[in-house]
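*Asks:* Sequence:
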Amino acid sequence: MIVIREETFTTLNELKTREDYQKPFPLPVLKDVLLQYYPGYFLGGTIDEKNVLTFHHIEPLRTALISNKKLDTLENGALLGRLEHNIYNLFEQKDIKSAKMLKEFFLYFKETLDYEEQERIRQYVDERVYELGFEIKEEKHIYRLTKQK
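First residue of the sequence shown? That's -17 in our numbering, and the numbers climb one at a time after it.
Accuracy of the hints is not assured; some may be wrong.
Derived DSBU-like pairs: lysine-lysine, alpha-carbon spacing no greater than 30 Å straight-line [what the hints assert, rightly or not]: (1) K85 - K32; (2) K85 - K129; (3) K32 - K82; (4) K76 - K129; (5) K32 - K122.
Hints are computed from structural coordinates only; laboratory data are not their basis.
Input sequences plus hints: build the corresponding full structure.
*Replies:* Here you go:
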């Protein structure tokens, strides 16, 4: 069950038939609504105080300036931990092919909730981070993506 502005929907597909699906919402509302439908987040793993949940714009906000589209929508959202959000940003800078693949996966996952594919993608992401010369360091209050020494 999904609740938006005190209206109830039983599935995300039902919500998609409504105009609200493409209307902009404040980010905390978008995150809450996506959490109601998706059990976990799009690249797997653990959400905790060191890896807080974030709302990822599948189509980047910077393109809204060019296209004049509203992008703070459920349709354009994916849930990522802060670490995974940083990894995606790394891919956008260093490996555009992997960034495009993740963007396609986020859209696919929203439609299918294919957890086997999610596991495969997560393994690829972890390996690719290492291949790009980075590693994940656990610090006192956060997981940090750092250059390998």
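*Asks:* Now, for every hint given, state plainly whether the structure supports it.
*Replies:* Cross-check of the supplied hints:
1. The suggested pairing of K85 with K32 holds, with an alpha-carbon distance near 24 Å, which does not exceed 30 Å.
2. For the proposed pair K85 and K129, the alpha carbon gap of about 24 Å is at most 30 Å, so the pair holds.
3. A distance of roughly 27 Å separates the Cα atoms of K32 and K82; the hinted pair therefore holds under the 30 Å criterion.
4. A C-alpha spacing of about 13 Å is found between K76 and K129, which places the hinted pair at or below 30 Å, so the restraint holds.
5. A distance of roughly 8 Å separates the Cα atoms of K32 and K122; the hinted pair therefore holds under the 30 Å criterion.
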